[in-house]
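Colleague: Chain residues, written in single-letter form:
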Amino acid sequence: MEKKGITRRDFMKASVLTAGAAALGPGVLKPTGVWAATPKIKGPIKVGYQAIMSGALAGYGEFHKMGAVMAMEEINAAGGIAGAKLEIEFRDSTLKAPEAIKNARYFVDSWGADFLAGVDSSGQALALAPVMKELDRILMVTHAATEKLTEEQVYKKGIKQVFRICTPTYQDGNAAAFVAKDLPAKTWATISPKYEYGYTCWEMFKNTLGKLKPDAKFVAESWAPFGTTDFRPHINTIMDANPEGFYSTEWAGELITFVKQAKQAGMFDKIKHVLFPVGAAMDVLEGLGNEMPDNIWMSGRYFFQYPDTHINNDWVARFHKRWNHYPAYVSETGYSTMYAFKKAVEAAGSKETSKVIDALAGMMLVSPAGYRNFRKEDHQAMYDVPWGLTKSDPKYPFKVMGKQVVIPAKECFNRPPFEGPETMPPF
Amino acid sequence: MLESIVHVCLAGLSTGMFIWLVASGLTLIFGVLGVLNFAHGSFYMLGAYFCYTLLGLMGDNFWLGLLLGPLCVCVVGFVVERYFLRYVYPLALPYQLLLTFAFVLLFDDLVKVVWGAGSIGSPTLPGLSGSIPILGRNFPVYSLFIIGVGPLVAIGMWALLEKTWWGRIIRAASSDREMASAIGVRVPALFTAVFIFGTWLGAMGGGLAVPYVGLLTPGMGESIIIDAFVVAVIGGLGSLKGAFLGALIIGLLSSFGTRFIPTFDMFLTFILMAAVLLWRPQGLFGEAA
Chain A
263 MEKKGITRRD FMKASVLTAG AAALGPGVLK PTGVWAATPK IKGPIKVGYQ
313 AIMSGALAGY GEFHKMGAVM AMEEINAAGG IAGAKLEIEF RDSTLKAPEA
363 IKNARYFVDS WGADFLAGVD SSGQALALAP VMKELDRILM VTHAATEKLT
413 EEQVYKKGIK QVFRICTPTY QDGNAAAFVA KDLPAKTWAT ISPKYEYGYT
463 CWEMFKNTLG KLKPDAKFVA ESWAPFGTTD FRPHINTIMD ANPEGFYSTE
513 WAGELITFVK QAKQAGMFDK IKHVLFPVGA AMDVLEGLGN EMPDNIWMSG
563 RYFFQYPDTH INNDWVARFH KRWNHYPAYV SETGYSTMYA FKKAVEAAGS
613 KETSKVIDAL AGMMLVSPAG YRNFRKEDHQ AMYDVPWGLT KSDPKYPFKV
663 MGKQVVIPAK ECFNRPPFEG PETMPPF
Chain B
-16 MLESIVHVCL AGLSTGMFIW LVASGLTLIF GVLGVLNFAH GSFYMLGAYF
34 CYTLLGLMGD NFWLGLLLGP LCVCVVGFVV ERYFLRYVYP LALPYQLLLT
84 FAFVLLFDDL VKVVWGAGSI GSPTLPGLSG SIPILGRNFP VYSLFIIGVG
134 PLVAIGMWAL LEKTWWGRII RAASSDREMA SAIGVRVPAL FTAVFIFGTW
184 LGAMGGGLAV PYVGLLTPGM GESIIIDAFV VAVIGGLGSL KGAFLGALII
234 GLLSSFGTRF IPTFDMFLTF ILMAAVLLWR PQGLFGEAA
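So the sequence lines, in the order shown, correspond to chains A and B.
Following the numbering used here, the numbering of the first sequence begins with 263 at its first residue and continues without gaps.
Following the numbering used here, the numbering of the second sequence begins with -16 at its first residue and continues without gaps.
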């Protein structure tokens, strides 16, 4: 049988040790055990960060790293977290759930991580949540977007160790519907990823747009498996349905490939109203350059042109100077994660998981993306990300946002208790 | 409806011919050397990256890039065969698989070091990005070009193997290595040459992918190599005729599947592969063991 708590023998050992240490004087034996006064935070503070660093999406890992490393350099140069040095170790998540769990266990059990961060895939995030409870370490999710993570795992199952600093699928499904309702398109179609993320977003988009604009019709859907390089058969399906509006949560390289192939097939000449919820990603914009058509609605989890504040503009300039890139959204979430840990640890005066959870829940963070508020109930960061129309700008070698529309997070994010139609927008 | 079916057919043909371009080299190498070369996908990837770089250096002359890029990869293929693969021919199949798979990992990381981990969108090339209306809907000219190149490569390979002196030697060496060397064929040199030719075919597929896929990513060879393997298995490992037909079937099946039975489109190719393996384990044109 495993004994919990302090046994009599431990008690004796501790008393003898403490007494002995006191007798020998300071410097000979450091006091340990229950009576020892431990310093408030024993450094360094270690963050285990996992992101995709191999295969077709390896660029995302690089962008995560740039943000997190930059925050670490700044924090350590300014005296660390409550005086303790911040250390980050990166591991390749490979997008597979078993690998994500292996990484988390390595970070905590072997490397001694105090906090975990990263994770790109929704499947991985859902698989990690129960593991985080078991390991009792905080995981700050910086990219995975499934709303089930915060609604079900955090809110309903009470896994308090999980937080999310990036916008979830609400931004991709609900907010997109708010943009779509003002467009003169009634029939909509999609080509989206053939997995959880793609299905969830389209379902959310349909539900919310259906409520906002009851005469909207959804005429075709074509689901592209992960790793699709040939979208031409899917484009045929959409062209056959001849919709007025088009919505796609394709992302990263697959979105680049899709846009090029759709352009060749003349799809953007026929369909005038196009929404790309994760089109405002730097890899997509840089990859497409001038080939991204104008007047496409796009969004992301952060876009470097928004908000137009001193904090953000200054950060973008520093980032560009440091890495010769404009920050991708995962760079911002990776960067802000380190500052969220810093603020919470300093407020808690400890790096103990339960105390930092209390500090993080409900905490307001000033970040490049603007004010972020970690919602108490589901640990989801509330902050606004714009939707914008693509346009050329001679200042940038890629398309940027022209006209911008901001759907406030409190208007388009589902609300606790996440049950029944009144917890979903419009409110 | 007619317009739709014609376009689904065309999309399927271009998909199939594109897979064939990659599967041809894989099949040739297996047929002659008996090596299942996982690294074939890496040659495809290297072909794409070399072409892309040459494009940048030579002012967007795609055809010159397509000529020189695969030749650079042939040097890589030579080194792989001459200094590594040659030593595992006598060993059991798993050693060959392990070695070629090791090269996959190696080349993926090499590409990340040289060209960066991010994906690269290839530039639009003048003359290749247009499309022509077919039954009122635009079809990319470049896809038509791929549909044309596929059969040309097939005819070229058939002529080379069946109608030339060199082809006869290759066929002799692949059917009986010992006898061929006994009558004076320098089998190791011949194997190197065939491997380089197979490498060239894979790299050529990669070069052609630059405008076709429109995107270069580290690991881009891994998804195409799966399709190429499926095609090779359906057609019969080592049979070029089988690979060509298999590629056509897979291309059309996936195109029609995506359009008309989208729920099962991912399964269709694998169901077909399973059915072929049950009914004819050696593949459509494979020789019974």
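I should point out that these hints are in silico values taken from the structure, not numbers from a laboratory.
Treat the hints loosely; a few may be bogus.
[Stated by the list, open to error] Listed below are the simulated DSBU-like cross-link pairs for lysine-lysine, each with C-alpha atoms no more than 35 Å apart in a straight line:
id: 1; chain 1: A; residue 1: K410; chain 2: B; residue 2: K95
id: 2; chain 1: A; residue 1: K657; chain 2: B; residue 2: K95
id: 3; chain 1: A; residue 1: K653; chain 2: B; residue 2: K224
id: 4; chain 1: A; residue 1: K583; chain 2: B; residue 2: K95
id: 5; chain 1: A; residue 1: K358; chain 2: B; residue 2: K95
id: 6; chain 1: A; residue 1: K358; chain 2: A; residue 2: K395
id: 7; chain 1: A; residue 1: K364; chain 2: B; residue 2: K224
id: 8; chain 1: A; residue 1: K448; chain 2: A; residue 2: K473
id: 9; chain 1: A; residue 1: K456; chain 2: B; residue 2: K95
id: 10; chain 1: B; residue 1: K95; chain 2: A; residue 2: K347
id: 11; chain 1: A; residue 1: K308; chain 2: B; residue 2: K224
id: 12; chain 1: B; residue 1: K146; chain 2: A; residue 2: K456
Colleague: For this structure, which hints from the list above don't hold up?
Modeller: Per hint list: 3, 7, 11 and 12 violated.
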